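S.K.: Protein sequence lines correspond, in order, to chains H and C.
If you number the first sequence the way my numbering does, the last residue is 174 and the count never jumps.
If you number the second sequence the way my numbering does, the last residue is 280 and the count never jumps.
It should be emphasised that the hints constitute simulated quantities derived from the structure, not laboratory data.
Treat the hints with care, since some could be wrong.
Just a sample of chain C residues kept apart from chain H, beta carbon distances all over 10 Å, derived [as the list claims (entries may be wrong)]:
| # | residue |
| --- | --- |
| 1 | K183 |
| 2 | V233 |
| 3 | D255 |
Not the full set, but computed from the structure, chain C residues with beta-carbon under 10 Å of chain H [what the hints assert, rightly or not]:
| # | residue |
| --- | --- |
| 4 | A186 |
| 5 | T189 |
| 6 | L194 |
| 7 | S206 |
| 8 | D228 |
| 9 | L242 |
| 10 | L245 |
| 11 | P247 |
| 12 | P249 |
| 13 | R251 |
| 14 | Q252 |
It should be emphasised that the depicted structure is a prediction, and the values quoted were computed from it without experimental measurement.
Note that CB positions come from ideal geometry on N, CA and C, so glycine has one too.
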Amino acid sequence: MMSPLEQTHVSTQVYRVYIKAAPQAVWDAITKPEWTARYGYGGRMEYDLRSGGAIRGYTSEAMKQGGAAQGMPVPDLAIEGEVVEADPPHKLVLKWHMVMDAATTADAFTRLTYEISQTQEGVAKLTLTHDLQGAPAAASILAGEFEAQGAGGGWAWVLSDLKSLLETGKGFMG
Amino acid sequence: MIDDDLVFKALADKTRRFLLDLLFERDGRTLSELESEVEMTRFGVMKHLRVLEDANLIVTRRSGREKLHYLNPIPIRQIHDRWIKKYRAHQVSALIDLKQELEEKS
Numbered sequence: 001m002m003s004p005l006e007q008t009h010v011s012t013q014v015y016r017v018y019i020k021a022a023p024q025a026v027w028d029a030i031t032k033p034e035w036t037a038r039y040g041y042g043g044r045m046e047y048d049l050r051s052g053g054a055i056r057g058y059t060s061e062a063m064k065q066g067g068a069a070q071g072m073p074v075p076d077l078a079i080e081g082e083v084v085e086a087d088p089p090h091k092l093v094l095k096w097h098m099v100m101d102a103a104t105t106a107d108a109f110t111r112l113t114y115e116i117s118q119t120q121e122g123v124a125k126l127t128l129t130h131d132l133q134g135a136p137a138a139a140s141i142l143a144g145e146f147e148a149q150g151a152g153g154g155w156a157w158v159l160s161d162l163k164s165l166l167e168t169g170k171g172f173m174g
Numbered sequence: 175m176i177d178d179d180l181v182f183k184a185l186a187d188k189t190r191r192f193l194l195d196l197l198f199e200r201d202g203r204t205l206s207e208l209e210s211e212v213e214m215t216r217f218g219v220m221k222h223l224r225v226l227e228d229a230n231l232i233v234t235r236r237s238g239r240e241k242l243h244y245l246n247p248i249p250i251r252q253i254h255d256r257w258i259k260k261y262r263a264h265q266v267s268a269l270i271d272l273k274q275e276l277e278e279k280s
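Please work from the sequences and hints to get the whole structure.
M.R.: Shown next, in the form of structure tokens:
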């Protein structure tokens, strides 16, 4: 039996990536749907960037086709939630809930924090902290446990792709 | 900016790889928890953790009075994408060539 403190540790995922880009460019790539469609899962994310504002993440055509090919229908809405704090281009805190299927929908709402700072001229440091307590289904997907089954490589994959896109103009999708 | 050299150097040590394995098993451990798993002074463990942090292989965050250590898989993922995937793809295509060659002969 683990103590509650230990469980808190286990359910938090932390990722950090350095990107040759301005903090504002990283912020835009996270918060603007025309950017979110170009890396990672490729779904459009819509944010009402004020405290209490709604967030909506939509599945991409590729996800829908991929799901249909495997006999797993994919809904239009992938992510729902709310902005807790938006301090562009440095900090974005969200209440975040994946609603891709029955398992993720049964998960609790999670807390997702993006922090962006400039470490040296032209280099942004992006740290993603995802408190996934009570959300085991999303936690597995975001840790990349189902990558071999075509579910994407989770946050490490998404953020690596984001770095490629901002630095080279091309993400993994080309 | 993190370069590959820092990551490879950090990984080129048995104790540091063991510390990463511990965090892979269970993330968010304190220094005391990590220290209890290795036969080394606290100072020695701190030194290794510092090397791992400089290579961006771990990220620390404060929780109250405690400093928690998290495994950051992104640099390893980048090494995989940059080095390993490339050679694996090469092996696969070499096998495909071999198959074609053998099938053409038969």
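S.K.: State for each hint whether it applies.
M.R.: Now for the hints, and whether the structure bears them out:
1. The claim that K183(C) is not at the interface with chain H holds, since no C-beta of that chain comes within 10 Å of its own (minimum 17 Å).
2. Listed as outside the interface, V233(C) is inconsistent with that label: its C-beta sits roughly 5 Å from the nearest C-beta of chain H, within the 10 Å cut-off.
3. With 10 Å as the threshold on Cβ separation, the claim that D255(C) sits away from chain H is violated: the shortest Cβ distance comes to roughly 7 Å.
4. Interface restraint check: A186(C) against chain H, minimum CB-CB distance 21 Å, threshold 10 Å, status violated.
5. With a least beta-carbon distance of about 21 Å to chain H, the hint placing T189(C) at the interface is violated under the 10 Å criterion.
6. Proximity of L194(C) to chain H is violated relative to the hint, the smallest CB-CB distance being about 14 Å (cut-off 10 Å).
7. Residue-level restraint check for S206(C) is violated (minimum Cβ-Cβ distance to chain H is 13 Å; threshold 10 Å).
8. A cut of 10 Å between beta carbons decides the hint on D228(C): the least distance to chain H is about 12 Å, and the hint is violated.
9. At a threshold of 10 Å, the smallest CB-CB gap from L242(C) to chain H is about 6 Å, leaving the interface hint in force.
10. The restraint placing L245(C) at the interface with chain H holds, with a minimum CB-CB distance near 8 Å, inside the 10 Å limit.
11. Contact between P247(C) and chain H, as hinted, is supported at the beta carbon level, the nearest pair being about 5 Å apart and thus within 10 Å.
12. Hint status for P249(C): holds, given a least beta-carbon distance of 9 Å to chain H, under 10 Å.
13. About 5 Å separates the beta-carbon of R251(C) from the nearest beta-carbon of chain H, less than 10 Å, and the hint is met.
14. This hint holds: Q252(C) has a C-beta 6 Å from the nearest C-beta of chain H, less than the 10 Å allowed.
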